[in-house]
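K.L.:
Position chain B relative to chain A; hints supplied.
Residue numbers (my numbering), protein chains in the order written: chain A, 126 to 364; chain B, 126 to 364.
Among the clues, some could well be false.
What the hints assert, rightly or not - Which stretches of chain A does chain B cover? Using the computed rule of at least three CB atoms under 8 Å from a CB of chain B, they are:
no.	segment
1	217-228
2	260-268
3	330-342
Said to hold, decoys possible - Below, a list of computed lysine to any residue pairs in the SDA-like style, where the Cα atoms sit at most 20 Å apart:
no.	chain 1	residue 1	chain 2	residue 2
4	B	LYS213	A	ALA214
5	B	LYS212	A	ARG215
6	B	LYS128	A	GLY318
7	A	LYS213	B	ASP217
8	B	LYS128	B	ARG158
9	A	LYS128	B	GLU316
10	B	LYS212	A	ASP217
11	A	LYS212	B	VAL156
12	B	LYS128	A	THR239
13	B	LYS213	A	ARG215
14	A	LYS128	B	ARG294
15	B	LYS212	B	LEU271
16	B	LYS128	A	HIS238
17	A	LYS128	B	GLY318
18	A	LYS213	B	ARG215
19	A	LYS128	B	ALA321
20	B	LYS128	B	GLN199
21	B	LYS128	A	SER293
22	A	LYS213	B	ALA214
23	A	LYS128	B	THR239
24	A	LYS213	B	GLN259
25	B	LYS128	A	ILE342
26	B	LYS212	A	ALA214
27	B	LYS184	B	TYR152
28	A	LYS128	B	HIS238
29	B	LYS212	A	GLN259
30	B	LYS128	A	PRO340
It should be emphasised that the hints constitute simulated quantities derived from the structure, not laboratory data.
In this text, a Cβ means the ideal position worked out from N, Cα and C, and glycines have one as well.
Protein chains: 2
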Amino acid sequence: MAKIRLFIDHPLVAGQAVPLDAGQSHYLSGVMRLRQGDAVAVFNGRDGEWQASLQEAGKRGGSLIVLAQTAPQQDPPDLWLIFAPIKKARTDFIVEKAAEMGAARILPVQTDHTNSDRIRQDRLQAHAIEAAEQCGGTFVPPVADLAPLSRLLDGWDPARRILWADESRAGPAQTLAGLPPGPWAILIGPEGGFSAGERARLSRLPFVTPVSLGPRILRADTAAVAALALWQAALGDWR
Amino acid sequence: MAKIRLFIDHPLVAGQAVPLDAGQSHYLSGVMRLRQGDAVAVFNGRDGEWQASLQEAGKRGGSLIVLAQTAPQQDPPDLWLIFAPIKKARTDFIVEKAAEMGAARILPVQTDHTNSDRIRQDRLQAHAIEAAEQCGGTFVPPVADLAPLSRLLDGWDPARRILWADESRAGPAQTLAGLPPGPWAILIGPEGGFSAGERARLSRLPFVTPVSLGPRILRADTAAVAALALWQAALGDWR
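So that you can see chain A by itself, here it is in the shape it has in the complex (with noise of 0.2 Å):
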């Protein structure tokens, strides 16, 4: 049986207990059907996983004893997803995707084809704290709120490189053994492309490398799963 695995935002110290949510308590003990003394793997994202066991677990809520650390802190690779929200359930998808994956940070922004004007941050933020407790990782990505594409670009800091999966270009996909290391982002489009003008736009940025996805024209959930796998298989935690 998998062990529980709970993304507890408070500071872990040995000895110490840390508050339980009622939905938390409600999942150990209602769903999980933990007692007292029943252990559970506890991460906040900074400080590794630390063992703890189950103090109390009422309706409103409940409390862990911290116990000892079990794993160190391991923060993914400099790595960003920058992506258009699509429909709903892709969208969580792709944040799922992008924290087992080991984005450092999932950025959704709106493009000149992208229908919706608003996200559900929380909602969103949610679905990537419940990839980290599924996926064993330590770290949960932060998930921004919906900005334009156009100001990300205005603000961007050079020194990040764009790899941007670049739906136009089908054909053989360049490797990226030969990326620079450092600081990227990842730039997938919404399902109807970019624009014209986002394309003359991101093609004269020098910091923004194109990338083709092979000859099919993917799901830009697919398309942000690919494009993560092989950087990281390049340049991040998969070398």
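P.N.:
Then chain B, alone, in the frame of chain A:
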């Protein structure tokens, strides 16, 4: 606006009519609002892509006139995907993504830790067709019926190597750059992982190469896309 692409399981010959079933007919006239003479791109998985025009679309079906071939048939590399079905939505996603990523054949298998003992092969095949229509491909990977992994391995042709995404092998991913070309299959385990017996057998088989997909534990659908991306970039049609 993206052009409308339709899979038609019928020989495609210039100047000849091909039938539309009731669903296709409703999609073209009712959903996409096409009228007689409007253009549709069609493919049958064997003869490339053809330009066609709508001849008739009624409630019980309709027909297209095939005009001229617009793209040659393009088959994916000889890569199969073997996976253990999981929850419905994620199983659908795996099939969709395998088709987008260029798998040539999709084989759902029952493993010791697979809960489902049946799949809707027809529904999964429909997902593969829809993905091919959407991704601009001319090939539709056949989805096999559910079979026990043990029986699949009993009759396995050792000339086809298996890339085994071994979730217990956390750590740096092996590079796939050194793998020999030729027919391959990628094997993705169920959410609970493979059993000890399955692991022992897979480890002994000379045609099985275990591979790690990084330090985090990926969900089966994420692992499928990531492994397909690495293989396509190293040995497939992303080179």
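K.L.:
Could you run down the list of hints and mark each one as holding or not?
P.N.:
How the hints compare with the structure:
1. 217-228: Coverage by chain B holds here, the residue count being 6 at a Cβ distance below 8 Å.
2. 260-268: holds (count 3)
3. 330-342: holds (count 6)
4. B/LYS213 x A/ALA214: With a Cα-Cα distance of about 14 Å, the restraint between B/LYS213 and A/ALA214 holds, given a limit of 20 Å.
5. B/LYS212 x A/ARG215: Since the Cα atoms of B/LYS212 and A/ARG215 sit roughly 16 Å apart, the hinted pair holds (cutoff 20 Å).
6. B/LYS128 x A/GLY318: With Cα atoms ~13 Å apart, B/LYS128 and A/GLY318 stay inside 20 Å; holds.
7. A/LYS213 x B/ASP217: Holds - the C-alpha atoms of B/ASP217 and A/LYS213 are around 16 Å apart, at most 20 Å.
8. B/LYS128 x B/ARG158: holds, 13 Å
9. A/LYS128 x B/GLU316: OK: A/LYS128 and B/GLU316 at ~13 Å, within 20 Å.
10. B/LYS212 x A/ASP217: holds, 16 Å
11. A/LYS212 x B/VAL156: holds, 19 Å
12. B/LYS128 x A/THR239: holds, 19 Å
13. B/LYS213 x A/ARG215: holds, 15 Å
14. A/LYS128 x B/ARG294: Roughly 18 Å between the alpha carbons, so the hint for A/LYS128 and B/ARG294 holds.
15. B/LYS212 x B/LEU271: The hint holds at about 15 Å.
16. B/LYS128 x A/HIS238: holds, 16 Å
17. A/LYS128 x B/GLY318: Roughly 14 Å separates the two Cα atoms, so the pair holds.
18. A/LYS213 x B/ARG215: Since the Cα atoms of A/LYS213 and B/ARG215 sit roughly 15 Å apart, the hinted pair holds (cutoff 20 Å).
19. A/LYS128 x B/ALA321: Given pair A/LYS128, B/ALA321 holds - Cα atoms ~18 Å apart, limit 20 Å.
20. B/LYS128 x B/GLN199: Since the Cα atoms of B/LYS128 and B/GLN199 sit roughly 19 Å apart, the hinted pair holds (cutoff 20 Å).
21. B/LYS128 x A/SER293: Holds. B/LYS128 to A/SER293 sits at ~14 Å (cutoff 20 Å).
22. A/LYS213 x B/ALA214: holds, 14 Å
23. A/LYS128 x B/THR239: OK: A/LYS128 and B/THR239 at ~19 Å, within 20 Å.
24. A/LYS213 x B/GLN259: holds, 19 Å
25. B/LYS128 x A/ILE342: Within the cut-off at roughly 13 Å; holds.
26. B/LYS212 x A/ALA214: holds, 15 Å
27. B/LYS184 x B/TYR152: holds, 10 Å
28. A/LYS128 x B/HIS238: holds, 16 Å
29. B/LYS212 x A/GLN259: Holds. B/LYS212 to A/GLN259 sits at ~16 Å (cutoff 20 Å).
30. B/LYS128 x A/PRO340: Holds - the C-alpha atoms of A/PRO340 and B/LYS128 are around 17 Å apart, at most 20 Å.
The earlier numbered hints are all upheld by this structure, with none contradicted.
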